[in-house]
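Visitor: Each chain, written out:
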Amino acid sequence: MRLSRFLKGATAAAAVVALSAGFAAGEAAAQIKIGSVLSITGPASFLGDPEDKTLRMYVDKINAAGGVNGEQLELVVYDSEGDANKARTLATRLIEDDGIVAMVGGSTTGTTMAMVPLFEEAEIPFISLAGGIVIVEPVKPFVFKTPHTDRMACEKIFEDLQARGLSKVGLISGTGGFGKSMRGQCIDVADDYGIEIVADETYGPRDTDMTPQLTNIRNAEGLQAVLNAGFGQGPAIVTKNFAQLGIEVPLYQSHGVASKSFIELAGAAAEGVRLPAAALLVADQLADDDPQKQVVVDYKTAFEAEWNQPVSTFGGHAYDGLMILVEAIERAGNADPVAIRDAIEQTSGFMGTAGEVNMSAEDHMGLDLTAFRMLEIQNGDWTIVE
Amino acid sequence: MPAWLMQPRTGGLLLLAAIMVLVYLAAPNNFYLDVAIQIGLNAIVVVGLNLLIGYAGQISLGHAGFFGLGAYASAVLPAHFGVPPLAAPVVGMLSVGLLAFLVARPILRLKGHYLAMATLGLGILVFMLLTNESQLTGGPDGMAVERLRIFGERISGKDWWYLITAAMLLLSVWLTLNLIDSPTGRALRALHDSQIAAQVAGVDVARFKVIAFVYSAMLASLAGSMSALYSGFVTPDKAGFIHSIELVIMVVLGGMGSTFGGILGAAVLTSLPQFLTVFAEYEHMILGAILMAVMIFLRRGILPSTLDLLARRRTG
Amino acid sequence: METFLQFLFGGLTVGAVYAMVALGFTIIYNASDVINFAQGEFVMLGGMCTVFFSLWGLPLPLAAVAAVIAASLVGVALNKLAIEPARGANVVTLIIITIGASIFLRGLAQVVFDKQFHRLPSFSGDQPIDVLGATLTPQSLWVMGGAAVIVVVLWYFFTRTTFGKSILATSHNRLAARLVGINVEVVLLASFALSAAIGALAGILVTPITLTSFDAGTMLALKGFAAAILGGMGNPLGAVVGGLLVGIAEAMGAGYLSSEYKDAVAFLIILCVLFVMPSGLFGRRGTERV
Chain A
182 MRLSRFLKGA TAAAAVVALS AGFAAGEAAA QIKIGSVLSI TGPASFLGDP EDKTLRMYVD
242 KINAAGGVNG EQLELVVYDS EGDANKARTL ATRLIEDDGI VAMVGGSTTG TTMAMVPLFE
302 EAEIPFISLA GGIVIVEPVK PFVFKTPHTD RMACEKIFED LQARGLSKVG LISGTGGFGK
362 SMRGQCIDVA DDYGIEIVAD ETYGPRDTDM TPQLTNIRNA EGLQAVLNAG FGQGPAIVTK
422 NFAQLGIEVP LYQSHGVASK SFIELAGAAA EGVRLPAAAL LVADQLADDD PQKQVVVDYK
482 TAFEAEWNQP VSTFGGHAYD GLMILVEAIE RAGNADPVAI RDAIEQTSGF MGTAGEVNMS
542 AEDHMGLDLT AFRMLEIQNG DWTIVE
Chain B
3 MPAWLMQPRT GGLLLLAAIM VLVYLAAPNN FYLDVAIQIG LNAIVVVGLN LLIGYAGQIS
63 LGHAGFFGLG AYASAVLPAH FGVPPLAAPV VGMLSVGLLA FLVARPILRL KGHYLAMATL
123 GLGILVFMLL TNESQLTGGP DGMAVERLRI FGERISGKDW WYLITAAMLL LSVWLTLNLI
183 DSPTGRALRA LHDSQIAAQV AGVDVARFKV IAFVYSAMLA SLAGSMSALY SGFVTPDKAG
243 FIHSIELVIM VVLGGMGSTF GGILGAAVLT SLPQFLTVFA EYEHMILGAI LMAVMIFLRR
303 GILPSTLDLL ARRRTG
Chain C
14 METFLQFLFG GLTVGAVYAM VALGFTIIYN ASDVINFAQG EFVMLGGMCT VFFSLWGLPL
74 PLAAVAAVIA ASLVGVALNK LAIEPARGAN VVTLIIITIG ASIFLRGLAQ VVFDKQFHRL
134 PSFSGDQPID VLGATLTPQS LWVMGGAAVI VVVLWYFFTR TTFGKSILAT SHNRLAARLV
194 GINVEVVLLA SFALSAAIGA LAGILVTPIT LTSFDAGTML ALKGFAAAIL GGMGNPLGAV
254 VGGLLVGIAE AMGAGYLSSE YKDAVAFLII LCVLFVMPSG LFGRRGTERV
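Residue numbers (my numbering), protein chains in the order written: chain A, 182 to 567; chain B, 3 to 318; chain C, 14 to 303.
Treat the hints loosely; a few may be bogus.
[Claimed, not checked] Lysine-lysine pairs mimicking DSS-like chemistry, simulated, CA-CA at most 27 angstroms apart:
(1) A:474 / A:214
(2) C:178 / A:481
(3) A:441 / A:474
(4) A:481 / A:321
(5) A:242 / C:128
(6) A:474 / A:242
(7) A:481 / A:242
(8) A:441 / C:128
(9) A:234 / A:474
(10) A:214 / A:321
(11) A:242 / A:441
(12) A:321 / B:160
(13) A:481 / A:441
(14) A:214 / B:160
(15) C:178 / C:93
(16) A:214 / A:242
(17) A:214 / A:234
(18) C:178 / A:234
[To be verified] For each label pair, taking beta carbons as the anchor points, the in silico distance ranges come out as:
(19) C:162 / A:245: 36 to 44 angstroms
(20) C:17 / A:469: 54 to 62 angstroms
(21) B:103 / A:541: 54 to 62 angstroms
(22) A:377 / C:73: 44 to 52 angstroms
(23) A:551 / B:103: 55 to 63 angstroms
[Stated by the list, open to error] One-sided and incomplete, this derived list gives chain B residues near chain C with beta-carbon spacing under 7 angstroms:
(24) 134
(25) 181
(26) 182
(27) 293
(28) 294
None of these hints come from the bench; they were simulated from the model. Just so it is clear, the structure is predicted and the values come from calculations on it, not from any experiment. Heads up, the beta-carbon is just placed ideally off N, CA and C, and yes, glycines get one too.
Next comes chain A alone, as it looks inside the complex:
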């Protein structure tokens, strides 16, 4: 075994020298290499696409302004196509081949969870951009996340239902990872808010007609509200089918549809739909003394100017992740993965697009419910529900 190791090492060294001779010449002196695996194409591309754009744009901005601790950032992005197995291979590539010191990525809970063991074993910090609560509960030393959890979305919606005096909810959810996870969380916390689930239906990620499911929900005894957990085109179709069937109770969507394209896709049927979302969507409507105003307006302006498309909260998660990482590297003073991890865990008072982040050894997300706003769609735009 020892001989083979030696042989292997020697051959590998030769190969690396031969291969990298050409590249090495042009490379800058000091660089901090960070990586990202995102669902840039595939069914979750609406998450990965703005995340990718945000990361690239801000890494350029940071480098133009002199980098981090005087060193330039180098960003390596790979596309997982939303496939957990591809994500895993690409994460291996980032860790083993590219030699990154930290990762901001993982658009979906499924891809994130497939990559988590690799980062734990390699002891490299991983800031996930996905929603599932399983990512940070139980806490894993090297894994963090920036978006609100699906459980918090359920709680926010149920709070709003309580305030409106409604308790009998029909649940419809996508069978994809996001919908399935949020469905479970909502059923889990329903009792705490005195909510009764009177119907429980699902639809596939590529389904094009949800009238049968919604018909069953409409027929449920005493229905007072409908809650849809899902992302992609599904919720837009649910909203249109909901209007077609003339169901007259309030419809709640999840934070998974928090982008302008949902309103465009669902059209007039989206009027009156409520959903919990980060303040980013209503940046212009925030009070001037709102502590989040500055951050979200700046991000929104920069993103929309650069890419000529409306912001979504998903790109915002990437912004938060990158900034938390950059601040941590600055505080750590060096780019040692373990030092960065420790610094990320000490993040406190960080104001991001999702809200104020206060991490600790027990909380690797650091957000609370106040960061979530309940929005209602009126006249084709978001408004804050007071």
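Put chains B and C on the given structure of chain A with help from the hints.
Guide: Structure of chains B and C alone, referenced to chain A:
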């Protein structure tokens, strides 16, 4: 050189083993080993599938379903039923073999596109079970897999898995080549040419088709189990029809009816996306174009067509 | 009753789309023995091209016509550049080529257009129509009506026009068709163009209901293939019946059984049918030549 070395069976196996050693020595880091392991796992499935498609002439668009069942056997049996991780792949393989045996007769009565549809449907049913029974399977986001322990030592390193995968691949190739060379195999080849002709010649066509189907399903299950134990995580994607189609592409790309060709197909299709990442958004266009071009110009598959070309050049 | 009717309407709308995709499979299969797995991409191209042509300034009806023409050209190109050069290759090899084409077209759409979901406005408003207590959108009527018109036109084309008959003749026996003076190359081109046009039309009709994106074709190809097989590959009537049956099975499965397993219901039905009728509902019983 002794004659037995020049036989395709032994010579090919030795060449394959030599390539495996070379790849291990030349891999600059663990990422390359990771890709090599994935190639090996896919190749194990492809070797079996090639027997079914290339020799028995029976298409299957559902083998990812068997792969998925094997993978989930490694994940679910230890987690929920207390089966030791080392035994789970065996239990999985036997159950998948039984399942394949039970459905083989009615399904293999179908021909051509109808057979493709039936196997596709079977694979999708498996995929839906794995996705929807989330109490057991963790649902669409998948579940973690308990690491394999041999004599108390945790097997999670890439070196170990490279060794295991390489050994299993060699073993399955050897088994398959022996099957092909047996009377059964000759019958299978006759089958591909014409079922009726084979039947007339007194070959029990149905029986051989069933053997090929069950055998390939069990290899798929084994590879699935290994894949789950290796990566420590399973998701239903691996049982999905896209993966089924990828597996068939590997067979056809490398060469239907050529066991080593199939392995080459697995290597090309598994590693190609890693090369294409530099093209970013053009990746899929290029992948599609390559696929079309190879199939048009090397229509019998990369290995058989290239060998043909070489032979022709030598004689002409 | 009104619940049943509501399920039925949903199933028929979706089924009409599957039927159009299945028809596309059938036409190309009859002319060339190729199962064209890029059929779903034609549907995607219909929807996406219309969306983007109108974004680029064409009025909607013109954009729709242009989209159908664009998809037909893609169909012709597919035949010329990928299927014809591989003439004589194994059937499975040809299928892999069409899968390659479908990956290529998805990649192309993602670069030329984008990765977002898009919609088209409904052709005649969104005011639901009440039928015996169940509701139906005007766009559903467009989809079902469109499918019906396509079926009638195709029937007329294949049974009453010389060119249509020559396509049918080619599908039965290519050599014989060539001997009686039919230009087989032209027949092949026409089949690909026609099949792509039908797919594109389906895409345009259904986008106001289902939305579209660069990867909308994969699932439709799968369901359309299932529908064509259920009906019996190569039989146009079978394709239509198969499509409607799959759509209705899904809707009834979702409504009465379990929405999680609604697709499983459709596939189980197909499996059961195939076990009893190995060539589908209306398939030709083939005899093998030795």
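Visitor: When the structure is checked against the list of hints, which entries are broken? Sort them ascending.
Guide: Those not satisfied are hints 1, 2, 4, 18, 19, 25, 26.
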